[in-house]
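Undergrad: Below are the chains, spelled out letter by letter.
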Amino acid sequence: MAQAETLEIISFAAGACRFAVEARQVEALLSDGPQTLVAVESLLGLPLLEAAPRPCLRLGKYRVSVSEPVDLRSLPVDSIYPLPELVALRIQIKGVRALVLDAHGAMLLLDLRGLLAS
Amino acid sequence: MEERATTLDDILARKRQTGGEVVNVDEPAVKLVFCSLGEQWYAFYGEVIREVLADHEVYYLPGCPSSMEGVINVRGDIESVISLRSVLGLPEVKIAASSRILLGKTSAMSSGIRVDCVEEVLDVLQSAIQSPPHTLPEHLRPVVLGIVMYHEHPVHLLDLARIFTDYREGLC
Chain A
1 MAQAETLEII
11 SFAAGACRFA
21 VEARQVEALL
31 SDGPQTLVAV
41 ESLLGLPLLE
51 AAPRPCLRLG
61 KYRVSVSEPV
71 DLRSLPVDSI
81 YPLPELVALR
91 IQIKGVRALV
101 LDAHGAMLLL
111 DLRGLLAS
Chain B
119 MEERATTLDD
129 ILARKRQTGG
139 EVVNVDEPAV
149 KLVFCSLGEQ
159 WYAFYGEVIR
169 EVLADHEVYY
179 LPGCPSSMEG
189 VINVRGDIES
199 VISLRSVLGL
209 PEVKIAASSR
219 ILLGKTSAMS
229 SGIRVDCVEE
239 VLDVLQSAIQ
249 SPPHTLPEHL
259 RPVVLGIVMY
269 HEHPVHLLDL
279 ARIFTDYREG
289 LC
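These protein sequence lines map, in sequence, to chains A and B. Residue numbers for the first sequence follow the numbering used here, so the first one is 1 and each next one is one higher. Residue numbers for the second sequence follow the numbering used here, so the first one is 119 and each next one is one higher.
No lab work stands behind these hints: they were computed from the structure. Do not rely on the hints blindly, as some may be mistaken.
[As the list claims (entries may be wrong)] Stretch by stretch, here's where chain A covers chain B in the computed footprint (C-beta under 8 Å, at least three residues):
no. : stretch
1   : 173-181
2   : 185-195
3   : 274-288
Backbone N, C-alpha and C define an ideal beta-carbon position, used for all residues, glycine too.
Use the sequences and the hints to build the structure in full.
TA: Laid out in structure tokens, this is it:
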């Protein structure tokens, strides 16, 4: 029996919402380093709710701080959907590539590298 | 040769046998989906409403306008859900058990539309749809195609394509 196709993602929280990024975009999960520190909320236009030190995702020359829980997991491709047209046109969060629906609700799949590059 | 005089009975019998073509004199009718928002009644053309959904889980999405409730999964198709109350400038209310999501689809796009209640799906004579009155509030004029009476209520027949277009352009 063929295994279901999956996508490796790293999920995290930001602004009390769930987000994820393709694992191949992230080089490491770390707490310190010489890279420029950027809060993911500032990239997404969300309020920064947490002042305590947070885990960071290393993407090239940046460290992007995110909120717990941070998980690396394989996501079934069946649970990934393109954004409905009205959502794609009206959503204020930048860099949203797709939508994930799972047992925990909805999660937005982001292009963090694209956001950092822009 | 002796000819029998034609009688009226003959003529009528012949006419009955040939039957004649049935001429359809019915007026054209359209299917309308009647819904309500509080005391206000509205309708959409049935051709743009694919389905009426009850008790469907709506997934909240961050970063969307407050008029967008979220998304729903309809047998693997993900659709947005917008509030008709917000679109028409009516105050939001708590979602009641009678609330429904109309799955609307035009040639350009599709979305769920939250209404307080779906009253009926009914065939209505085209001639029963009247032009919108001049007294129609300014904000409703672009989206109201006409007025139809239903159970003695005036019902605004809404233009779903225009609602979607205005929504995508951020006008509502």
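Undergrad: How does the coverage statement for the stretch 173-181 of chain B fare against chain A, requiring three or more residues with Cβ below 8 Å from a Cβ of that chain?
TA: holds (count 5)
Undergrad: Examine the stretch 185-195 of chain B: at least three residues should have C-beta closer than 8 Å to a C-beta of chain A.
TA: holds (count 4)
Undergrad: In terms of beta carbon proximity below 8 Å, does the stretch 274-288 of chain B have 3 or more residues touching chain A?
TA: holds (count 4)
Checked against the numbered hints given earlier, this structure breaks none of them.
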